[in-house]
Amino acid sequence: MPATFVRGTRDRMPELVSAAFPMAEARVLELPTGHCPNLSRPEWVAELLAVRADEAATPPR
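Going by the numbering used here, the residue at position 3 of the sequence shown is 1116; the numbering climbs one at a time, nothing skipped.
I should point out that these hints are in silico values taken from the structure, not numbers from a laboratory. Mixed in with the good hints, there may be bad ones.
As the list claims (entries may be wrong) - If you anchor each label on the Cβ, the simulated ranges turn out as follows:
#, residue 1, residue 2, range
1, Arg1123, Pro1172, 34 to 42 angstroms
2, Arg1125, Pro1173, 36 to 44 angstroms
3, Pro1172, Met1126, 32 to 40 angstroms
4, Ser1153, Pro1115, 19 to 27 angstroms
Glycine residues also receive a C-beta, built at the ideal position from the N, C-alpha and C atoms.
Given only the sequences and the hints, what does the whole structure look like? Please build it.
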């Protein structure tokens, strides 16, 4: 299953944690939000979920 991490660029997450994102073989999407983009920008997160679901449902060519 494809994975996406949403990293809020205004989050004060320790660099050690955010440095682990690429090791998880996941797409990292940075948004200008704090720690909870699902609360501060739910429309962005909803759009991201819709796009990723469409990508996962589309068979590879």
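Legend entry - Hints that the structure is at odds with (numbers, increasing): none
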